[in-house]
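Just so you know, the sequences run in chain order H and F.
Per the numbering used here, the very first residue in the first sequence carries number 1; after that it's consecutive.
Per the numbering used here, the very first residue in the second sequence carries number 1001; after that it's consecutive.
Hints in this document: simulated from the structure, not taken from any laboratory.
One or more of the hints may lead you astray.
Stated by the list, open to error - Below, in silico cross-link-like pairs of lysine-lysine (DSBU-like), each with a Cα-Cα straight-line distance of 30 Å or less:
| no. | chain 1 | residue 1 | chain 2 | residue 2 |
| --- | --- | --- | --- | --- |
| 1 | H | K65 | F | K1045 |
| 2 | H | K75 | H | K61 |
| 3 | H | K65 | F | K1040 |
| 4 | F | K1118 | H | K322 |
| 5 | F | K1034 | H | K65 |
Claimed, not checked - Covered stretches of chain H, going by a simulated chain F footprint (3 or more residues, C-beta under 8 Å):
| no. | stretch |
| --- | --- |
| 6 | 135–146 |
| 7 | 235–245 |
What the hints assert, rightly or not - According to the in silico footprint, chain F covers these stretches of chain H (three or more CB under 8 Å from chain F):
| no. | stretch |
| --- | --- |
| 8 | 12–19 |
| 9 | 63–76 |
| 10 | 115–128 |
| 11 | 209–221 |
| 12 | 259–265 |
Ideal placement from N, C-alpha and C gives every residue a C-beta, glycine not left out.
Residue strings, one per chain:
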Amino acid sequence: MNDQPLWLTFIVAFTAMNVLLAGMAYMTWFERKVLARMQDRLGPTRTGPAGLLQPIADGIKLLGKEDLIPAAADKPVFFFAPLVIFVTAIVSVAVIPFGGTVEIFGRDVNLFAADLNVGALFILAFGSLGVYGIILGSYASASRYPLLGGLRAAAQVISYEIVLGLALVGVFILSGSLSLRDILARQQETLSLGPIDIPNWFILSQPIAFVIYTIAAVAETNRAPFDLPEAETELAAGFHTEYSAFRFSFYYLGEYINMIVISLFASTLFLGGTGGPGSDRFWGLGIFWLLAKTIVFLFFYIWLRATLPRFRYDQLMGIAWKVLLPLVLLNIVFTAFIRLVANGELEIPVWVWIAVAVAVVALLALSLRPGGGGEAAPARTSAVGGD
Amino acid sequence: MPVETQTLGENWLVVGLMLVSAFSMGMLLLTLNKIMAPSKPSAAKAAPYESGMPDIEPVRPSYSPRFYVVAMLFVIFDIEAIFIFPWAVIFDELGTYGFVEMVSFIGLLFVGYIYAWKKGALEWV
């Protein structure tokens, strides 16, 4: 039943790709609408009902714009850098499972393009390859603002990439696989907590990793409040200042597609992906649940942008290196330890547990005391002067 | 465990095909742009953006050595991450031995991390 011909797989992949592009277009509409509502405005209303044709109008307008190239630019690199971020963003979707094998028009179809055994690594790798598009494009522009934006983007993305990758290690320990299909299958098991059955979603067993992943994902996609590479108050338009017409829109496309992919990825890893009521009976519901979870993530992105002011650059790097990195390493060791005990590999006498509990309570009490030690991060921000 | 549906090579072939089709879609859009858009280049349009000021000296790509420090730290911790990923996947098979081994590895790196912190490598002012 599983000898799916290659052309059919490719049709699935190609469909996913085009749905992603359409989703990206309507993500811009969604963002403008939600942001407008949060600021007590209406957002786009003129083009089509509720402004629904706005993304199409924007695309056509960008196609008709003159493609400017600065005289001092490194032309071949300037030409191809936007394509790097566009292509790497799109290809990541190939490994996202939208479901298992289903029957459509009497034919067995796999609802995933590629089941790589290193699927999770693949998405991480392509997510960070995208930064080449930013660095090369900014460097090739031969202009001051893009150069500064590109440098900032590079340092930011590599710092948060470590956190992003390490946050997932707990999930890999629990699932024993890097394949997204295996991780998904593991989450469709149920846990029995006394009388109630709950799904084995990894957000329940890895809450710290989930929070860290979400923060790092916002930074990794250069979104507010971590959008320092394109901070318009400091750097004009940041790394794409010199770009115009459709080359500019590739950066825009890349950013939004990356957001969608990283949200799909987070839904698959932590929120049970296609799991949800009725998804085991009809595959369409599985896709619906996956998209619903993704939209929650995307809404969260927009919500952050509407709420939070931008970080200062030293704060941005400080969060990654001084707060998130130690936390994520602790999370790995802690998860591994619990897993070891749960597997019955390690026998821990009762008195050790009691001693640990007492120590934790004592430490908490000490750190919560007024004027006590506490975390290093909040204390540091006041020590540093203006930017 | 789901059954193996396609061979590994076919999976990568699909990824390769996606790469090619994404690239051709990008080139198609750029070609459309080229056909539809006007092209009237001028010296002012080709000058680098300087908020309206004339560009008096060419851009020298000089930047803060902080970026080098971050890059070096990144290399260290990214290699750590690469080492941790396979360990996490076969964690159940390794058992206590793997756990002790990885805790000592992370511990050693953590000493270096604290050293870098105390040396001020993580400060960005």
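Taking the hints in turn, this is what the structure says about them:
1. K65(H) - K1045(F): Holds, at roughly 13 Å.
2. K75(H) - K61(H): holds (24 Å)
3. K65(H) - K1040(F): Status holds; Cα separation ~11 Å.
4. K1118(F) - K322(H): holds (11 Å)
5. K1034(F) - K65(H): holds (9 Å)
6. 135–146: holds (count 6)
7. 235–245: With 4 residues in contact (Cβ-Cβ under 8 Å with chain F), the coverage given for the stretch 235–245 of chain H holds.
8. 12–19: It holds, with 3 qualifying residues against the three required.
9. 63–76: holds (count 10)
10. 115–128: Coverage by chain F holds here, the residue count being 5 at a Cβ distance below 8 Å.
11. 209–221: Not satisfied, violated; 0 residues make the cut.
12. 259–265: violated (count 0)
In summary, the numbered hints that this structure violates are 11 and 12.
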